[in-house]
Structure formats: C-alpha cells, structure tokens
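*Asks:* As you go down the protein sequences, you meet chains L and S in turn. Heads up, the first sequence stops at 505 in this note's numbering, and the numbers go up one at a time, no gaps. Heads up, the second sequence stops at 1323 in this note's numbering, and the numbers go up one at a time, no gaps.
For the record, the hints were derived by calculation from the structure and aren't laboratory data. In this text, a Cβ means the ideal position worked out from N, Cα and C, and glycines have one as well. Fair warning: there could be bad hints in the mix.
To spell it out: a stretch of chain S is covered by chain L in this simulated footprint if at least three of its residues, at any positions, have a beta carbon under 8 Å from a beta carbon of chain L; those stretches are [to be verified]:
hint	region
1	1134 to 1143
2	1205 to 1215
Chain L side only, calculated, beta carbon under 7 Å to chain S, not exhaustive [claimed, not checked]:
hint	residue
3	P74
4	R75
5	I78
6	N90
7	V92
8	P93
9	R94
10	L103
11	E104
12	L106
13	L111
14	P113
15	I433
Just the calculated beta-carbon pair ranges, DEER-fashion [what the hints assert, rightly or not]:
hint	chain 1	residue 1	chain 2	residue 2	range
16	S	F1038	L	D133	50 to 60 Å
17	S	S1261	L	D448	42 to 52 Å
18	S	S1199	L	A326	30 to 40 Å
19	S	I1042	L	D133	54 to 64 Å
20	L	K273	S	S1261	30 to 40 Å
21	S	I1289	L	A118	27 to 37 Å
22	L	R321	S	R1312	20 to 30 Å
23	S	S1006	L	G317	43 to 53 Å
24	S	W1179	L	R318	53 to 63 Å
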Amino acid sequence: MDNVGFEARGVRKTFPGVLALQDVGIKLRGGSIHALLGENGAGKSTLIKIITGVHRPDSGEMLLNGAPVRFEGPREAIAAGIGVVHQERNLVPRFSVGENILLERLGGGLLRPIDYAAIHAEARRWLDVLELDLDPRTPVSQLNVAKMQLVEIAKALSLRSRVLLLDEPTASLTPHESLVLFGLLRKLRDEGVGILFVSHKLEEVQAICDEVTVLRDGRNACESRSMAGLERQDLVRLMIGRSEQIPNWTPRDRGAAEPMLELRDVSTSLGHKAVDLTVRRGEIVGLYGLVGAGRTELAKCILGLHAITQGAIVVAGRPERIADVADAVHRCKIGYISEDRKQEGLVLTHSVLQNAGITVWRGLANRLRLLGDRTVRSHVLPFIRKLEVRTPSLAQTVSNLSGGNQQKISVAKWLAAGARILIVDEPTVGIDIKTKAYIHELLRQLADEGTAILLITSDMPEIITLADRIVVMDDYRIKGDIINDRSYAPMSERIMHLIHDRDAA
Amino acid sequence: MTPVISRLARTDWFGPLAVIVFATIIVSAFDPSFLSPFNIQILMLAVAVNCVIAMSQMVIIAIGQMNLAVGAIGGLAAISFAGMMQIWGLPPLLAAAAALALGIVAGLANGLLISATGISAFIITLASLSIFKGANLGITRAQPFYGVPESVKAFGNTTIAGPIPWLALPAALVIAAMWYLLYRQRIGRYILAVGGNQSAAELSGISVPSAVLWAHAMSGFLAALAGVLLVARLQLGEPTIGDDWLILSFAAPVIGGAVLSGGHVSVFGTLFGVVIVAIITQALVIFRIDPFFVQVVLGLLILWAVGVNRLREVRMQRTLKRA
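If we strip away everything but chain S, and leave its shape as in the complex, we get:
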C-alpha cells in the first residue's frame, strides 16, 4: 500500500466511505434509478433522521456506557410533540422546544441514577426504557396523534433545493455540533477521557458524574430531536416511534469505528455508518429481497464492522511492537 492509502486506512471514516462508494457503484449498475434525484432525496430523508438517532447513542458509547432507552425517549418526545400541538394547540416551535426539554430531562434522569447509584447504565436504561415506553402508551392508549400542523408536515416532506430535504438541515447541524463538541470542546474531551480511562480522568480532577450527566443529557436531547423529526416526516405522532432504533443506534457508530468500551468514537464514521445502512436497506428493496431481512443484514453488518475494528486494532498493536 502506498503511504497515503495506508494513512487513510487508519482513519475511522475511510473504510465506511469506501464501502459507500463501492456499494453505490454496484447498486446503480443494476438499477440506474438508484442515483435519480428522487431516490437520493429518499436516502437523505432516511439518513437525516437515522444519523441523529446514531449520534444519540454515540455520545453514550463515547463515555463507555450504553443507552437502551434512546428509542423510548425519542418515542415519548415524539408523541408529546404531536400531542401538545393537537390537544393543547401549542405552536409547533414551542411544542418542539418542550419535547426537546423533555428529552433532556429524561436523559438527565438516566445520568443521575447512573452516577448516583453506580449501577451500570445497561440496567438503569433498561428500566427507564420500560418506564418511558409505558408512559408513552399510557398517554396515547396506543393511538396516534393525527393533529400535526401543515407547517410541520411541510418541514418533514419538502426540499430546500434539488434533492436536499429540509430534514437534512437539523441533521447537518447536529453532525457539526457533535464534531465541535467532541473534538474541540472541553466537555466532549472529558466525556471521551472518562470513556477512555475513568480513573485517569478522575485523578486528573475531572468530575466523572458531571461528564456522565452531560453525555446523557445530550443523548436525551438528540433522541428527542430524532423523535420530533420523525413526527414531521411521518405527519403523525405514532406511539411506535423509537421501537426499532436500538440496533441501528449501535450499528452505525460501530461501523464508524467506535470502541464499545468507550473513549473512541468517530462522528463522520458514524454518519457513513448510517449511510451504509440506508443504502443497503434500499438495495434490498431494489433487488426485491424481503424487507424483513433488513434486520438480518443489519446484524451481519454489525458483526462485520466489529470484526474490521478488531482487525485494525490487532494490526496497530503489531506495528507498535515492531516500532
């Protein structure tokens, strides 16, 4: 390998990007309409929402924990958003702000319980998943809220220019903000430091509980944002929003090179992970494969990604030893 390629190969985003290019070439060779503006718009819609979901898990992976409740928080925020508009007649912006605040509160509650009790995030978020989902079903009686204003529906289904949907805007902002936060802001570095070596962070005088709180607040906010965006896209407050987020929320960061034990995530890797999932989902449709197989493919994808990460790790250690 030439030096440039081998240096690129060491970054987290290069592999997934190569897969995207490769997959695009293959799929469009079979079906040229894959690259039509309409199809690109569909892809971007899926990517926009899914990448916010993935980021919401990624920030928790960064700190070395997991948040099983992302879907439940997103779902609760989604039906609150729609419900507040339908029942209380709140203007969309106010309802969205309240739904996002609800997400932050839910995330903070997770973070508080985790750092106050020292119980693992897995257990705490498993419990809160059930609580949030239960609240969701209690409020909606499992019936959707249909009273979504036209402005919200338009936001979820119209384009800014060309094939670029309005939903891509908040997603792009989230990506930029996450990158800035994790690589150029103290709190992001603290989150990664705690994920990388908690005792080192602690002994350096970093407050571990506050890093945990921040991470979960962000996760809650992003999950809620994804819920709100989905209401706009689906044009209704569906109580099942969030039910199928969990696998994707882990798959994308892992495909993007995240280390599940914490301390290392890649924002762009995660974005590309989301794109890969979207392309593969579409490809299954194009090749007329049973959509129920999407789950199987997603699972295989996670295994593949974990395998690739492991391989890179082993290789890096090997070159280190000889260095």
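Next up, chain L with everything else stripped away, as it sits in the complex:
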C-alpha cells in the first residue's frame, strides 16, 4: 500500500483484569482523514495512547513511514511527528496560552532567558491558523473548555505533525467552532497530513472522513476501509453489531401534573435574570442553549452552590431556601448528574460500590448507626444491575472503567438516593450510541415512574428525542418555551429561532 504514514499491526494490550486490545490494526495514510469509531470501552483511547507512546503494547508492531518504531514515552512520539489532542484537557492552567502551545519548546539557555515575546508571536501564528481570536498572553485558566480545546489543537498543529490524532475534538465545541475545525482539518489533509479523528457524532464522521476503522470489544470490526458507500446505519452496525434503534416514543403531555420544581422570577449571583421554570412530576424538561448560556450555572444555583438573589424556588409546592448541596440532596431530594463526571461526578480513585453508595450513606447509617459494605451493596446493586454497568466487580476502581460505564454509575447513585427531581447535565457527552440510547431509555423510564427531570443538553437530537417540553436559555435568560412534538426539522428550527432573535429583541 502506498503512502501509509503510520501503521499498527496485531496490537495487544492488557490492563489488570481487562483485555483492552486484541490483534488490532490500523493504517493512517498521509492526506486522508481517518475515523476511529467504537463504543465506549471498545479501546479507542487505549489505541490512541499506544500510538502516542503513553502506553506500550504487550505485543504487535508499529511502523512509521514503513520503518518499525517503538515509543518509550510521549516525548519520543512527539519527536517522531505524531501530534495528539487527548480527550482530557491537558493544559497548565496558570501558564499563558502561548506558553502552553510551545511548552516543550520554550528555548532559552542558562544565560539566555526565555523569550516570551517570540513565544507569543509564534503562538499567535498557530492561533491565526485556527482563526482563533485570542491573546496568546491570556492565562489558560481564564478560558472556557471550548477555547482550551482549540488551544490544544493549535498546540498539536504547531508541532507540524505529519500524523495528527484528535480524540473527540468536537465534544465541547459549538456547531460553528466545529465547522471551522473541519475546514482546517481538510486543509491539513490536502497538505498531506494523516489525521485520525475520533468522534461519537456520526454526522461529523460522514462529513469529513475518508477512511474508517471500527473497534468493537477491543478488536477490529473493520480496518482502514474507505468511507465510500458506508451509510450511517452501516457504521452503527459495525460499532454495535446491530443497527441503531430510534425510539418511537409517543409525545406526552404532563401539563396537568403537579409541579415538582418551580423557579419563580429567579435572579442569581451568577447573573441569571428573571428565570421562570417549571418541571412537573414525570416530566422531562429540556433546557437547551449554546455552550456558555448559563444552564449548568443555573443548575448549580438550584443546588445551593451559588446564591439566589431574587425570586423563589418552590419544591413540590413548598417554597424552599436551599442552603447547600446536602440540603438539596437530602431534604429536597434533588439529584444532580454533572456534565463533568471526572471532576465533579465521581471519586475516580474509589470503587464502584463507594461511588454508587455515596448518596445513601447518610440514610443507611442513620437507620443502623453502622455502615456495612453489605448494607450499601444490597441497596446499590439493583441499580448497578439495572443499568448494566460493565465492571469486573463492585470493588473495581472507577477510573479503570470506560466513560459510558462511569456515567451509568453517576446515574445509579442518584437512583439509589431516591431523587424526586433529577437535574441531568449533558448526560451523553462522549458516550457511545448504544449506551446513549440506554441512558435515554433510562431517563424516559424514570420520568414515567414519576421523577421530574431537568435535562440540560446541547445535543439537538437528544433534546428532541427526550424532552416533553423544551426551554431555551441564552445569555442567562429564558428565551422561550416550546412543547416538543418530536418532529426534528420544525422543532430544531424553532429552537434556533428562539436563540437567535436576541439581536431583534
């Protein structure tokens, strides 16, 4: 085969108790965008970490431009021209954007201080390539997640990598930012760079990828085949071994049900103004908005993390002053599933059991005055089973599980806590199709059982699939309220219309 920039053959990798990859191969051609697909836990991130020298394969070989290579660490992979943007953000918060981009190439010598003017000028060039209007002297800690992502892409580009790996680069980008990125990737491809693109958004994959490798359960479901002639359903079938099931749910009207959570003319210390919002028993209210619209912030105000400066929160008909999160959880029975499960949702170094049980310790211990593992286990296990969390045992450390399984545990702990009101923040970011459908069904089922759900999401298909009613937020204000009839085109048009009439108003 000609022009193969990077090739891996017969790669095998085990972690304690997990066979992550088995006989996996991939060929990245220069001048081509190559999709790497697979469900969570299929081994995509592991494969990327092997290609970039973070992990070493147990067996198998890797070739760069036809010559065998073996990377002992990320530094060697970078030196060989392999650039990567990992799924997790990897920037030094207190350093400037420019210094982060050129972190390992700061230059200077004992008597020659680091030349920051030169670094920022060089960084400026790469930000310009991305059409990113950002001062390279800004500390990274002042950026939002989307900007950080773009800075990391600029960093990978600045290495002039011939092979560029992007692990879910669009997960935290707005549609517009994604489009800019795609234009850029096409340009890089035309310049001969081999790009590996990991995404759960199949529309994106179909839009920009030329070739595709699919992993399933740590093996190749297909290896480096052309995208030509592959339809969405074919990709899905390769990934999950069956075709995607689009739920054919009937619209529900909960307008008559009793309100469980009401915000009346609420303003907050974070800047929300005159927010009115009602979530009824058994209702799923979708809170839609672009990144930065203030939705997560509103959730945190409801939970008592930030002050309500005006208006009232009414829980199940009773006005409540929610003092802190413990108050929200234990007294008002409000559960919150964070969008950032790694930072805020789970204690990664603790076991599955401890994570799932964390919300019920208080209740169980109160009754028995003692907290035995067995008590927690018997309480939590049904929920873990119900959600089909794939874990070798309840004692497994959560950080060793895949993202989808981690999310299931986040859900399980609130189910265990018996939350009446569940605020779910971007529940399926970075989660594969099968698990996503699962979580959707689960939320729907919870609502049918009477839980009031406030669903925060930027995923249009998700909100139209799930929500009974869609509330649109922009710039910390509610812009409008739509009854969802589950017809995609007109609904999405009305939502976008609500967001963008800001200028008219």
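Based on these hints, arrange chain S on the given structure of chain L.
*Replies:* Relative to the frame of chain L, chain S by itself:
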C-alpha cells in the same frame, strides 16, 4: 477600586507588601526605635536566612509536593560545615562547598526515591527527615562544634554598608536566581508546569522525573545554604539548626500566594512573607509578649494567608464567569 489598585491587588506580592507597610507604621508608632539602623540590621539578618529557608520549600511547593526534610538537610549541612572546619581543618570555602554538595545529594536522594517509587513526597521526606536528623545527632552526639573560624563568624555578623549585613548578599543572589529560574528558564517553567498539571506536562514531552529531581536538588542546595549561613550567624555548628524551620518554610510561600497543590508560587511574595514573619516576631518582643506565642501567631498567619488566597481565587472565578 481604581483600576491600578485592583490590578495590583491581583498580584501576589501586593497584599503582603501592604501588610508590611501597615505593620511597620503601627509598630514604629509605638516604638520609634523599630526603624533604627540597628533594629533594621537585626531584621535583615533574620530575613536573609529565613528567605533562603522559605525558597527551599517554595521550589518544592511549585512542583506540587512538600519537603518535610528541609530543616533536617539544613541541619546536617550546618554541622558538616562546622565539623569539617573544626575536625579536618578544611578552609571555610571548601567546607561550605562540601556542605552545599551534601545538601544537593540529600535533595537528589529525596527526588530519586519519590520519582522512582511514586510514593508521595510527604512520606519519603518524612522518612528522610528522620534519617538526616539521626545522622546529625550521631555525628555530633548532640554537642555543638565550636571551632568556627573568625572569617566565617565575621561574615555572619558584620555589615557591608550601613545596616546591610553580609548575609543579605547570598540571600539577594538566591532571590534573583530563583526569580530567573522560575520565570525565565526552561527548568523552572517545567517545574511549574508539572506542578500545575502533571499529565499535561508529561504528554507535552516534559520529563516529570527530571523536573522532580531538579526541584529537590535545588531544595536541598538551598536548605544546606541556609544551614551554612546560620552557622556563620550563630558562630557555632549547633545540632539543633533546622529543627524550627518547617512552619516558617510553609508559612512564607503561602503568605506570598503560593498554591499548595502546585503550579503557582511567587518569589517576591515569599520574600515579603518572610519579612512579615520577621516584623511580627519583633513586634512581639517590642510589646513584651511571651516569645513562645510566636508559634501561635505564625499558625494564625498561615490560616489568614490561606484564607486570603482562597478569597482571591473565588473572586477571580466569579469575575471569569461574568466575563
């Protein structure tokens, strides 16, 4: 607040500096001799040695670790310095160089153990604290070395000009070098990068173990230097040198705005932190407060500083959210 003040308030050194000015005004109002040349000389002597101690901890805080053994390394270097001069009759410069080398080796040993085993710095330096202190007591039998040459004593107790003691010279060099290293040299940036986000540093191709080694070598060197300077100032190789450094070594960087989880320290903030501690210690003497309360005050000072840092962090995040 006017823009200038609010910008100054965001720097790490402005708050501590304001405290220094304020405290100086108050204390000298009660006792004008506080600003006498003699008293200033005393203050500078204390600050000179203490700021080297603080820097030795600061560089480890920068990388997100802690070094409980700074005092033990400094003490071991101090008695080695004095002992080599008394027993082997080594010239002071040679003995000082050997003592500093010993500090570097001790620091490297800490760094090697930490990066090779992956065990937390807290545990490793807790163990090495005991080892170094034990070696110190084994060598000295808890008795001081008195044979310190006159030249060394003079260095520790005479002035360059006016109230400025000779000891201020190495301290000033250390401050300048630390600033240059942390803000203008690759290795300093790497240390801060590892402290700020270790996995980011690692994935950028920075060698984390070598950054850890460098930081601990520097810490060992600075601790040893502080030990040597104290021998000059006290005019004897006292085995208890270093025993009371730990709290100060954390207090000064924290007062100076250092983030204990790593990635952010301020050289001048730390210096001002040391000055604040020195002024307050003196003030207690002037106001005839029991010197044993110094520890209590130091503890309160740390709490205050941590509180102020936290407040600034919260405020910064809040302005960010609305930006």
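*Asks:* Range first: 42 to 52 Å. Now tell me if the beta carbons of S:S1261 and L:D448 are that far apart.
*Replies:* holds, 44 Å
*Asks:* Can the suggested window of 30 to 40 Å be confirmed for the beta-carbon pair S:S1199 and L:A326?
*Replies:* holds, 31 Å
*Asks:* Any CB of chain S closer than 7 Å to the CB of L:P74?
*Replies:* holds, 5 Å
*Asks:* L:R321 and S:R1312, beta-carbon distance inside 20 to 30 Å?
*Replies:* About 28 Å separates the Cβ atoms of L:R321 and S:R1312, which means 20 to 30 Å holds.
*Asks:* Looking only at beta-carbon atoms, does the pair S:F1038, L:D133 fall within the given range of 50 to 60 Å?
*Replies:* Because 59 Å falls inside the window, the suggested range holds.
*Asks:* According to a criterion of three or more residues whose C-beta lies within less than 8 Å of a C-beta of chain L, is the region 1205 to 1215 of chain S covered?
*Replies:* holds (count 3)
*Asks:* Should the interface hint for L:N90 be scored as holding, given a Cβ-Cβ cut-off of 7 Å against chain S?
*Replies:* Since the shortest Cβ distance to chain S is 4 Å, the answer is holds.
*Asks:* Does L:L111 hold up as a contact with chain S if the rule is Cβ-Cβ below 7 Å?
*Replies:* violated, 10 Å
*Asks:* For the restraint on L:E104, tell me whether the closest CB of chain S is nearer than 7 Å.
*Replies:* holds, 4 Å
*Asks:* Can we keep the L:I433 interface hint, with Cβ of chain S closer than 7 Å?
*Replies:* violated, 28 Å
*Asks:* Do L:K273 and S:S1261 keep their Cβ atoms within the hinted range of 30 to 40 Å?
*Replies:* holds, 35 Å
*Asks:* Is 53 to 63 Å a correct range for the gap between the Cβ atoms of S:W1179 and L:R318?
*Replies:* Given about 58 Å between the Cβ atoms, the range holds.
Violation of the numbered hints given earlier is confined to hints 1, 13, 15, 21; the remaining hints are satisfied by the structure.
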